[in-house]
Structures are given as C-alpha cells and as structure tokens.
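Trainee: Spelled out from the first residue to the last, the chains are:
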Amino acid sequence: MSELSGAEILLQCLVDLGVEVVFGYPGGAVLPIYDVLYNHPTIKHVLVRHEQGATHMAEGYARSTGKPGVVLVTSGPGATNAITGITDALMDSIPLVVITGQVATQLIGTDAFQEADTVGLTRHCTKHNYLVKSPDRLAHIVHEAFHIATSGRPGPVVIDIPKNVQVATAPYERPDLSNHVSYRPQLKADPALIEQAAAMIAAAERPIFYTGGGVINAGPEASTLLRELAELTGAPVTSTLMGLGAFPASSDQWLGMLGMHGTYEANMAMNKADLIINIGARFDDRVTGRLDAFSPASKKIHIDIDRSSINKIVMTDLGIVADAASALADLIAAWKKAGHKAADLEEWWARIAGWRARKSLDYPDGGAEIMPQRAIADLFKATRGRDTIITTEVGQHQMWAAQHYPFDAPNKWLTSGGLGTMGYGFPAAIGAQMGNPDSLVICVAGDASIQMNIQELGTATQYRLPVKIFILNNEYMGMVRQWQELTYESRYSESYSDSLPDFVRLAEAYGWTGIRIEGPQELEAGIRQMIETPGPVMVDCRVAKLTNCFPMIPSGAAHTEMLLDPSQISGTLADEAKALV
Amino acid sequence: MHITEELSERHVLSITVTNEAGILAKIAGLFTARGYNIESLTVADISDNHQVSRITIVTNGPPRVIDQIIAQLDRLVPVHNVADLTANGPFVERELALVKVAGTGEHRIEALRIADIFRAKVVDTTTTSFIFEITGPTDKVNTFIGLMRELGLVEVGRTGIVGMVRGRD
Numbered sequence: 001m002s003e004l005s006g007a008e009i010l011l012q013c014l015v016d017l018g019v020e021v022v023f024g025y026p027g028g029a030v031l032p033i034y035d036v037l038y039n040h041p042t043i044k045h046v047l048v049r050h051e052q053g054a055t056h057m058a059e060g061y062a063r064s065t066g067k068p069g070v071v072l073v074t075s076g077p078g079a080t081n082a083i084t085g086i087t088d089a090l091m092d093s094i095p096l097v098v099i100t101g102q103v104a105t106q107l108i109g110t111d112a113f114q115e116a117d118t119v120g121l122t123r124h125c126t127k128h129n130y131l132v133k134s135p136d137r138l139a140h141i142v143h144e145a146f147h148i149a150t151s152g153r154p155g156p157v158v159i160d161i162p163k164n165v166q167v168a169t170a171p172y173e174r175p176d177l178s179n180h181v182s183y184r185p186q187l188k189a190d191p192a193l194i195e196q197a198a199a200m201i202a203a204a205e206r207p208i209f210y211t212g213g214g215v216i217n218a219g220p221e222a223s224t225l226l227r228e229l230a231e232l233t234g235a236p237v238t239s240t241l242m243g244l245g246a247f248p249a250s251s252d253q254w255l256g257m258l259g260m261h262g263t264y265e266a267n268m269a270m271n272k273a274d275l276i277i278n279i280g281a282r283f284d285d286r287v288t289g290r291l292d293a294f295s296p297a298s299k300k301i302h303i304d305i306d307r308s309s310i311n312k313i314v315m316t317d318l319g320i321v322a323d324a325a326s327a328l329a330d331l332i333a334a335w336k337k338a339g340h341k342a343a344d345l346e347e348w349w350a351r352i353a354g355w356r357a358r359k360s361l362d363y364p365d366g367g368a369e370i371m372p373q374r375a376i377a378d379l380f381k382a383t384r385g386r387d388t389i390i391t392t393e394v395g396q397h398q399m400w401a402a403q404h405y406p407f408d409a410p411n412k413w414l415t416s417g418g419l420g421t422m423g424y425g426f427p428a429a430i431g432a433q434m435g436n437p438d439s440l441v442i443c444v445a446g447d448a449s450i451q452m453n454i455q456e457l458g459t460a461t462q463y464r465l466p467v468k469i470f471i472l473n474n475e476y477m478g479m480v481r482q483w484q485e486l487t488y489e490s491r492y493s494e495s496y497s498d499s500l501p502d503f504v505r506l507a508e509a510y511g512w513t514g515i516r517i518e519g520p521q522e523l524e525a526g527i528r529q530m531i532e533t534p535g536p537v538m539v540d541c542r543v544a545k546l547t548n549c550f551p552m553i554p555s556g557a558a559h560t561e562m563l564l565d566p567s568q569i570s571g572t573l574a575d576e577a578k579a580l581v
Numbered sequence: 001m002h003i004t005e006e007l008s009e010r011h012v013l014s015i016t017v018t019n020e021a022g023i024l025a026k027i028a029g030l031f032t033a034r035g036y037n038i039e040s041l042t043v044a045d046i047s048d049n050h051q052v053s054r055i056t057i058v059t060n061g062p063p064r065v066i067d068q069i070i071a072q073l074d075r076l077v078p079v080h081n082v083a084d085l086t087a088n089g090p091f092v093e094r095e096l097a098l099v100k101v102a103g104t105g106e107h108r109i110e111a112l113r114i115a116d117i118f119r120a121k122v123v124d125t126t127t128t129s130f131i132f133e134i135t136g137p138t139d140k141v142n143t144f145i146g147l148m149r150e151l152g153l154v155e156v157g158r159t160g161i162v163g164m165v166r167g168r169d
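Chains as they are written, first to last, in UniProt numbering: chain Y, 1 to 581; chain X, 1 to 169.
Just so you know, nobody snuck in bad clues.
Cβ pair distances, simulated, as ranges: (1) Y/T110 - X/I38: 27 to 35 Å; (2) X/E39 - Y/T105: 35 to 43 Å; (3) Y/P185 - X/E9: 23 to 31 Å; (4) X/E9 - Y/E561: 30 to 38 Å; (5) X/S8 - Y/Y38: 53 to 61 Å; (6) X/S40 - Y/E228: 50 to 58 Å.
If you're looking for bench data, these hints aren't it; they were derived computationally from the structure. Cβ coordinates follow ideal geometry from the N, Cα and C atoms, glycine included.
Just need the whole structure built from these sequences, with the hints factored in.
Mentor: As structure tokens, then:
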C-alpha cells in the first residue's frame, strides 16, 4: 500500500468525513498541511484574521448547519488564540474539531519557537484532546475526534499534530470505530423512567416544559417532537437562551424565555409550577436565580444526555439520561400507549394569563431617541418571512434580541450563552453564512462587543459573504453600566465606550457598505436598506444611551423578585448578592 | 459577608482508565478545576497488555458533591469505570508507609515493641535508627505514625491507599 504524509492523511480524513469548510490561519507549524490544502479540490479554506475568529466561525457554522465546525491553526499563539472559542464551544456544547500545529516531537518540551503545551492548555476546555505522535495513529485519531465531537453531548476536540508527524508517512485506511473501549454515550432512556415521566406529566395540575440547547443539538426532529408533546399535554413551554427556536414563539403555549432577563410569565410559571419537565437544559444560574427559592413547590423531571448535569445544581425527582430527540419520541409513545389525556389545565392557564397581562417586555416608546427594543422589533418585522439567521454578541443587545426577536425554527439563533463571549457574534455570522449561503445572516451587536473581533470585516469581504452587522450603539458597555447603576449607585467605572470608531467609514474602509441610523424616523428605512443592499453591510444604529434591559431578576434574587421597570431599582445590593456574578 | 461550607464525608473511588499520556493530569486537573478535594491518589498499570490503569482516589465532600465527582469522572473519554467503594458496601483498603525512627535506649526498645504490636516490619536498621514498613488501613497507619512521633520520628513516606470491594465480584 502506498504511503501518505501525515498532512495528506489529515486531509483525506477530512474528505472522508464530509468536511467542506475549514476556518484557519497558517503558520510555521502547519505549513505541511497548508501545502496539501493548496488548490484542494473539495475543501474550502476560510482565511480568518485572528484565530479566535476561526473558532467562533466554526461554532456559527456548526450551530446553523448541525455539522461539526473545523478549525486549523498553528502552534503556540495560534493555539492560545483559539482557546476562548474552544471554551465557548465546550460551555454551549458545540461540535468543533480544532487542529493545531505543534513543534516537531523531538522539540517538545524544549521551549522551542512558537511552542505551547496545547494539550495541557486545552485539557479542561475540550471534551477530549490528542497529541499525535506518529502518522500511523493519525487517521484513527481524526476519525475518533469527529465521532467524539459530534456524538453524546457535543463539544470541542483538539488534535495537536507535531510538524514532523505532518511530514512523515504512513499507510492510510479508513479506520473502523465501531467499538470504543470507554466512550459510549447513552442515547436511549430507560423505558421505566419514561413511563414514570409520562404518568407524572399526566397527573400534574401546573406543568411546564423548560427546554434548552439540548433540544437544538438533538437535531430538527427533536424540535418537531417537542411541539407534538407540548400539544398532547397542553402544558406551557419556556426555554433558555440557548434553546430559543426549538419551540415556535408564535404558539399560544409559548411563554417566552425564562431566567434573569426572561418574561414575567415564564418565571412566575416556573415558580408556581407543580411539575417542571427540563429537556436539555442545565439549571444554569442565569435561569434559576436564588437556588433555595427556585420553583419550591414543583417536582422536577430532568432529561439530559450528560449524566453530570443531573443533580448538579438542582436536585431532581426523576433524572433521565438520554438524547432529547430519543427521549421525546419515547415520551410521546409512552403517553399514547398509556392512554394519557391532556389534563384540565384551565386554571393554570388562567393564572398564566394574569402574569402575561403584566406585559413584562413592554417599554416606553415614541420619544426622540430610538429605543433599542424598538430597533430589534423593527428588525424582526423587516425580516419576517425570510430565511433569517440571527447571531449576537454579548450584553444588553443580546438580551433585547432574545426578548424581542421571536423564533419559530431551530438553528436560526446563534449566541454565546454559557461563556458569554463578547466577540462571538460577528465571526459566528460569517460561519453561518458560509454554511447557509442563501440565508440572510444578521449579527446583532453592541458598540463594545463588535470591536472584539472587528478584524474579521476583511474575511467577509474576501469571501464575498453578505453578512449584516446591526450595531445597537449606546456608547456604553451597556450591561456593565446597567449593573453599575443597579449595584454600585451609578458609578460607571470604565464602562463608557470612549473613542469609538466611525463605524460607517470603518465599514467602507473594508469595502463594506456603512449605514448610520440616527433617529426613529430613519429606523425602518435604514433596516430596509441594510437588507436590500447586496454584500456585507454594517449599520450603526444610535439608540437611547441609558436604557436598561428589563425585566430583570437581580443576582441572588428569586423569580418572584423580578424587577419589571426602572422605578424598582434601589441602587444598592447586599454583599451576598454582589458576590454573585 | 462570610463564606460557609457544607459537611463532608470521605469516599474511596476506584477508577479504571485507558493507560495514555496525560490521563493523570486530566483527572487531577478535573479535581482542581471543579474545586474537589484529593486526600490521596494512587495510580498503576493493572492489565497484562499495559492498556488499563487503576487510579484510586480518596476524596471528601458532601454526598451531592461526591455524586458529581463520579459523574464528572465518568464522562471523561478515557475513563472506563468509576466505582465508589465507600458506597458499594464493605471493601478492603490498604496503604503502605515507610517510617524512619531514630533514637537509643528506652525509646528504641519501645519503638520496636509498638512496631511488633502493629505488625510493622523492620526493613532497615542502624544502631541508632529503624525504618519500619507498615501496611494497613489509613487509621492504623496514622495511629502508628502518631506513636512514633513521640519516639523519635524522622521521616515518613506513604503510598496512599488502594481498595477493593469484598467478595467474589
């Protein structure tokens, strides 16, 4: 059998695994791989401007297509720059395979040029990682890495390949992965637990579905099954930030997002429920608020593919380890088989109607300035009926987008939830556009966040990607400013975005179209112009500077202690609350 | 504001893992990253083909945390199995210690007498010192070392414990 170099084996593996796009940046330790990539017939390489950008692009690609995102970076600084995106993918369970170059095996440990202990550095921010010491092992490792990244609870896997392993040769054969010695994620639920869950749902008087990113990760069929189960049971549905889109926001059973900036009805329903059915969410602290006051009267069912998520934060009455799609299908079958009928939830829905009547997402409008919530609502109106993917950076604009841009389908909402990474949204939009060339991809950004990976403007230009950036510019790190207003008596320590660039001229410098929207009368036309202009467009939308994001559960508070409007702000917090993030 | 802590229990975990580079760092790092405690840790190759190692960890924490530790270990790709020996019924635990004691006269004689009671072996001797080898559960080793402290203890080396469930399985 003829032998291939390590670099050739790697590329052959990627081809065999169906990889179409690689986001990367060349450097000394990956030159052999880049040489094989040169004029490659099937694999498209997207040259980024910073390795962090590559990882977020791969995340955006993965989240919007359901396929793994692939990153290729050099050793040392290439690898360390990628770490934020790798950690982001770990927190939000995004399947990534990150290939890093490494110095030659005989130089490892000698503080060689551009050497970093990549496997050591990424040990705790990956689902798994490898240092490949021989080209004989490479094919097996690459195939296994894709399997691990995409199966079970998805996550990032790093493959560190020393330069001499890229050059040395070995025979290539597509490996057989059928029997991994220790990695066997549980996908199918215990049938007895499913029957028990169905009976608990049928018997509940005040049930609520609390769904998360796990439903999205389980594939589009999981979203369809969730709709069916919700319909069968008649129970209300709320979702985490990561789960938005799995259940249609246009449904009567939808309560909106829950948690710190969730709706009043979602949080009150969680608080007063007698049964919570958690599917693919993890009782994150942004969701639960003060733990000892979290949904005190409810029994809790928790369906999660990761056993360590069950009983990690909130003790559950029924923990079920399974893939969300598989568990939902089993639950529906069990429900029908047992002849369960939707309980009479009229009283429960009447209480929910009372909470809904508070209209917690309302905001004062009609003034001389653009309210950021209005900007998002108008963005939704203008994009309705189109195939639109929304990405966000992190901060107030992210929460406003989550609140005021309703989603009816999964994989259309890409945001950094667990790690809360400023700089995520714009590269994620580029990745999403690569994977969905015909979609309208819009990054909702803040004036501060957008600057964290703004260098990628050049990447979009180079690949003619028509992404749109919609900046809600309030000249502040708005969420930091809001917390300072709430917690530190409005001492705005370092949260003013001083020396902002002229975003319109910046866009033009990169060959983009720049649009500025200065007042409410320009909003609708400005958004329309953004959508109708071919090619990439950056919009600098000037919004009211001191608007706060409501509703809000202050850190350390219970769901029932939600702040609905600015009049409820006290200006100080107890030390216990200050100590929480 | 003060920081409060929950009550802890001691658990012995027996973990089988693929014998690969970095696995010990992975497991030890998981404990530090998530704020779990390690009282002792031992690791050795246990299979004839050198593919599998057993790691025995003594940890402590509230039951909720112990449960998390097991779940977190279990989801590491190279981990084959995690057994909580403390929770799985009666088990045997042993550790070995080397204990160097220096002294003459009454102290020397008393050290030898106590070593005999504890079934500790003398593995090295000079006219003014002994090295004892003692095997047993942690408590026994602790007690022995405590007694030797009064009789001229110079140095201690301990292996940390290994454990196994009693009975056939």
